[in-house]
Each structure stands twice: as structure tokens, then as C-alpha cells.
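Number of protein chains: 2
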Amino acid sequence: MDNTKYLKTVLIDKLIENEVTQVEDVTIDESRLTLYLNGEKTISMMCIPKDQDAHAIGFLMSENVISSLADIHQIEIKEDGLRVDVTATINENSLANLYKEKTLVSGCGGGVTGNDETSLKIPFNQTSFKVTPYTISSEIKIFYRESELYELTGCVHKAMIYLLDGSTISAEDIGRHNAIDKVVGKCKLQKLDTTKSILFVSGRLSSEMVTKAVMHRVPIIVSRTAPTYLGVQTAHKHGITLIGFARGKKMNVYTHAGRIDV
Amino acid sequence: MDNTKYLKTVLIDKLIENEVTQVEDVTIDESRLTLYLNGEKTISMMCIPKDQDAHAIGFLMSENVISSLADIHQIEIKEDGLRVDVTATINENSLANLYKEKTLVSGCGGGVTGNDETSLKIPFNQTSFKVTPYTISSEIKIFYRESELYELTGCVHKAMIYLLDGSTISAEDIGRHNAIDKVVGKCKLQKLDTTKSILFVSGRLSSEMVTKAVMHRVPIIVSRTAPTYLGVQTAHKHGITLIGFARGKKMNVYTHAGRIDV
Numbered sequence: 065m066d067n068t069k070y071l072k073t074v075l076i077d078k079l080i081e082n083e084v085t086q087v088e089d090v091t092i093d094e095s096r097l098t099l100y101l102n103g104e105k106t107i108s109m110m111c112i113p114k115d116q117d118a119h120a121i122g123f124l125m126s127e128n129v130i131s132s133l134a135d136i137h138q139i140e141i142k143e144d145g146l147r148v149d150v151t152a153t154i155n156e157n158s159l160a161n162l163y164k165e166k167t168l169v170s171g172c173g174g175g176v177t178g179n180d181e182t183s184l185k186i187p188f189n190q191t192s193f194k195v196t197p198y199t200i201s202s203e204i205k206i207f208y209r210e211s212e213l214y215e216l217t218g219c220v221h222k223a224m225i226y227l228l229d230g231s232t233i234s235a236e237d238i239g240r241h242n243a244i245d246k247v248v249g250k251c252k253l254q255k256l257d258t259t260k261s262i263l264f265v266s267g268r269l270s271s272e273m274v275t276k277a278v279m280h281r282v283p284i285i286v287s288r289t290a291p292t293y294l295g296v297q298t299a300h301k302h303g304i305t306l307i308g309f310a311r312g313k314k315m316n317v318y319t320h321a322g323r324i325d326v
Numbered sequence: 065m066d067n068t069k070y071l072k073t074v075l076i077d078k079l080i081e082n083e084v085t086q087v088e089d090v091t092i093d094e095s096r097l098t099l100y101l102n103g104e105k106t107i108s109m110m111c112i113p114k115d116q117d118a119h120a121i122g123f124l125m126s127e128n129v130i131s132s133l134a135d136i137h138q139i140e141i142k143e144d145g146l147r148v149d150v151t152a153t154i155n156e157n158s159l160a161n162l163y164k165e166k167t168l169v170s171g172c173g174g175g176v177t178g179n180d181e182t183s184l185k186i187p188f189n190q191t192s193f194k195v196t197p198y199t200i201s202s203e204i205k206i207f208y209r210e211s212e213l214y215e216l217t218g219c220v221h222k223a224m225i226y227l228l229d230g231s232t233i234s235a236e237d238i239g240r241h242n243a244i245d246k247v248v249g250k251c252k253l254q255k256l257d258t259t260k261s262i263l264f265v266s267g268r269l270s271s272e273m274v275t276k277a278v279m280h281r282v283p284i285i286v287s288r289t290a291p292t293y294l295g296v297q298t299a300h301k302h303g304i305t306l307i308g309f310a311r312g313k314k315m316n317v318y319t320h321a322g323r324i325d326v
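Respectively, the protein sequence lines represent chains A and B.
Following this note's numbering, the numbering of the first sequence begins with 65 at its first residue and continues without gaps.
Following this note's numbering, the numbering of the second sequence begins with 65 at its first residue and continues without gaps.
Errors might be hidden in some of the hints.
Because identical chains share one entry, a pair is satisfied inside a single copy or across any pair of copies.
Derived lysine-lysine pairs resembling DSS-like cross-links, with alpha carbons at most 27 Å apart [unchecked claim]:
(1) Lys314 - Lys260
(2) Lys69 - Lys194
(3) Lys252 - Lys314
(4) Lys105 - Lys205
(5) Lys142 - Lys194
(6) Lys78 - Lys185
(7) Lys205 - Lys185
(8) Lys78 - Lys194
(9) Lys313 - Lys69
(10) Lys142 - Lys205
(11) Lys78 - Lys142
(12) Lys185 - Lys72
Hints are computed from structural coordinates only; laboratory data are not their basis.
As the structure is a computational prediction, the values presented were derived from the model and not from experiment.
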């Protein structure tokens, strides 16, 4: 995977106490990607212009504007990758909600959502999928080891889906919302089943991250950092197993611990 | 300052390998704050419901919906702190832009913005304000030492404004956008001059963070982590000194190094 095209070199003054040296530094690209839905400009997102089709699909599913890949008739990436055109059968109510609710989300990754954690009409997640603590511990180690753009720039978030067969799909973005949308979109494009999977996220688990797991029917969400109280409540209410502070062989299971096979 | 009201206790399963212990853990409150402008519901934000008036003022100024505190006639916090009502003389164009542009921002702290980094109509920042590397290094140390909610929950961002007289104003939130809006709003409420000040931010410097410094005429922005390329470009174009990776006695000056007095 050639990620160098998302890197931009800048000339900086490196200071150590009062000593200045001019050196080159590498920063990550950040672009405005605009999503057109059935010919109309729907929304723009600040992101790394990569995996735009997966990003659009994941976002539209996160917001319940489409309910599956089958709703999409055509998807095209245009204007040097800064525009995605989606032709799809859409849920007009959810699209209207996205505008009407205009909720500014809090989490690293930013965004706006029309979902309201108090009124998600998604059935309680009852999947019998179970994992061992060992799987969580070993996968989160791999998750952090293999983050190329982060290594290079210190400026990206990552999301990874661990599937039933032990394989994984990953995505990186400057925003953790985007990273989740992209990784889910990638799974959908590859027709992979995410109903028995684990979503690993590099940032904090605020309510909207958990809501994405709810919307995509991913039963387990894991982070090495903290959840918010509303994140915990949302997971509790919708049957999601929420794991925070997964570090080394330790982890905190906040909700639905029955899926952890000790 | 009593911050305990923003903390919520949850019962968790703490796992170390296969050993489970039930313990209490503390999480941060995350609430939906709704902003009403001249009687109309304008936007909601996921945040810590604290400093709501400062939050609303900073946000409206960030988005150029109001240009100063003088535009505000009345501000009221209602519904147990989950609603802010602002009566103000507003810039209708900027408000319309906020809806029309609907740009999902990328950064930790989330949000939507109507600002477009390519078309900000703010004059180039030419202030002669200078600081020594020592000031940056010693203030960032204090910045991280005094972050109470972060200490308790590992789940908040912080923003701090260092003023010309050496005093500082701080704010914390689950989102770094919110933290910046809050700290700027606090300065405005106290009628403090931020045109010769430094903005310290706990997260990455993506374009929208830098744009907030531009909008509020804060000449220097500092983070211990990385900027994006668009963040660097925005700072360069608008005369903002951008410092990243400020750690110990080291820092990277990405733009307008003339304000650093070595």
C-alpha cells in the first residue's frame, strides 16, 4: 500500500532550547471531501482523501441514510478524489434528520450526526459471538504495531475490524469517526459479515463511536483509552460489549461482559 | 472548582489475563447541549455541560455568527444546563454558511463548521507579540500538570490561553473544538485581550483548530502533538505561528517563527 501520496513535506525550525535548526518534517494530508447524493451536495468532511467510496458507504450506513450496499446503484470518485457521487435509494427521513439534528459530535474524528442516542430504532444486539481476553490483548498489540500513517506523522486515528475467521480489515484517517466509517465501508464493499466481529478504535469511546457499532451491528468495541458515561450507557442499552483501557493483558469491560470468554 | 458533578461512577469487570474483579470506575459526563439563537434551535453539541455561556460565545465567534461580546443582548442557561439561549445581533450570512457548508471537521473535539479555510476574510495577523522558547516550554508543562478532569477520567481535551501578563485561562471538554471555544469564550466574558496571547491545545492541530486561532486573532498556537498539512498551510496564510511537538525543551516551529524570541 503506497501511503506516501498522503504525506506532505514542510520545512520547519526545530528548536532545542534556544538552538534553531532548519529541517524537513512530514505532515499528513487533510482535504475537504464533498459527498453528493443523487446529484445534490449533501455534506463535506475534512479527512485523508483515501478509501473515499468506503468512507461514503460507511457514513451513509452509520446515519441510516442507506441500510445496505444493495441500496447503492452507483458510486464514483471525481475531482482528483475530492468528490464522491453516490446514486442510491435513500431513507429521506434519516437524511432530513442529519440536517435537522445537526448534532456536533465530540470525539476525535469530528463530525455531525443525525442519530440521537436516546431514540435509535435498532434492535438490542443479542449475538452469541464470544471472544477470549487473549484475542483482545493480542489483536490490540497488532493494531498499534501496524499503523503506518501514524508512525510517519503522529496525526491519524485507526479503526480495525477483527472478523470471525481471524482476519482483519483496517482504515486510517485524521478523524476517528472517519476511520470507523471507512473500515465498515471496506467490509461492506468486500461483502464481509460484521455481525460477529470486534471493532478496535484508537481513540476514546464517546457516544457516537458506540452508536456506529450499534448501527453496523458490530457486537464488541475496544479501545486502549476511556469511554464517556454516555458511551457506556449507549452500549448497555443496545447490547454492545464495551471494552476500554485494553493495554497489555489488562482491560476494563464496561458492559455485556458475557461475550468475554474467561 | 468542583468538577465531581461531571463524573459518573460505573461498575465494571476489570480483567487481568483471565482474572475478573468487579470494581467501580469513574467516567466523564457527556451531554447534548442545544444552542438556541434568537429563539430558534440552531445546533446541538455533544460536550461536558460546563461553561455553557462561554462555549456558546466562543462557538458563535469561531463561526463569525457574532463578531464580539457586544453583539450579545442576553444569554441564559436553561433545562438543567442542557440548553443555552442566546439573543444577539447576528451575521445571517455566516449562520447560513454553517448550514450550507456543513463541513464535518476531523479533529478530536468534533464538530461542524461553515468556515472554509480557503476563503476566510480575516486580515493577515501582523501582531508584533513575541515569546521566548522558555515560556512555551514552561507553560506547556503547567498545562499538562493541571488537568483535573483528564487526570480523573483520561477522557478530556484541554485548551489554555496564556495572556500577556503571564496569567492563564483554561477549559476542558470531551472535544478539543469545544475546549477552544470555551476558553476563548471565557476570555471574552472577562474582557481579556487575546490579540497578544498563546493558545495551548491538547490535541492535534488540524485546519479547523488553526482556523479558530485565526478567527479569534490569537497569534500563536501550540500543541505537544502534530499538525496536519492543511493546518500548517492555514497558519502560514493567516500569519499564525504554529508550534507542534512541544515537549520538554524541544519544539517544532512550522510557520512564522519570527514571533519566537531566541
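From the Cα coordinates, with 27 Å as the cut-off, is the pair Lys313 and Lys69 best called within, between, both, or neither?
neither (36 Å within a copy, 32 Å between copies)
Next on the checklist: Checking an output row: Lys205 and Lys185, CA cutoff 27 Å. Within, between, both or neither?
Outcome noted: neither (35 Å within a copy, 46 Å between copies)
| request: Tell me, please, which holds for Lys142 and Lys205 at an alpha-carbon limit of 27 Å: within, between, both or neither? | output: Neither way: Lys142 and Lys205 sit 37 Å apart in one copy and 46 Å across, limit 27 Å.
**Asked** For Lys142 vs Lys194, is the C-alpha pair at or below 27 Å within one copy, between two copies, both, or neither?
**Response** This pair counts as neither: shortest intra-copy Cα distance 42 Å, inter-copy 44 Å.
When Cα atoms must be at most 27 Å apart, do Lys252 and Lys314 count as within-copy, between-copy, both, or neither? neither (31 Å within a copy, 44 Å between copies)
27 Å Cα cut-off: does Lys78 pair with Lys194 within a copy, between copies, both or neither? between (49 Å within a copy, 17 Å between copies)
Reference check for the pair Lys69 and Lys194, CA-CA at most 27 Å: within, between, both, or neither? neither (39 Å within a copy, 36 Å between copies)
From the Cα coordinates, with 27 Å as the cut-off, is the pair Lys314 and Lys260 best called within, between, both, or neither?
within (23 Å within a copy, 46 Å between copies)
Within, between, both or neither: Lys78, Lys142 at alpha-carbon 27 Å = neither (38 Å within a copy, 48 Å between copies)
task: Since the copies are identical, ignore which copy is meant and state whether Lys105 and Lys205 lie within 27 Å (CA to CA) inside a copy, between copies, both or neither.
output: This pair counts as neither: shortest intra-copy Cα distance 40 Å, inter-copy 45 Å.
- Between Lys185 and Lys72, at a C-alpha cutoff of 27 Å, which is it: within one copy, between copies, both, or neither? between (43 Å within a copy, 26 Å between copies)
| message | At most 27 Å between alpha carbons: which applies to Lys78 and Lys185, within, between, both or neither? | response | neither (52 Å within a copy, 31 Å between copies)
The structure shown violates the earlier hints numbered 2, 3, 4, 5, 6, 7, 9, 10 and 11.
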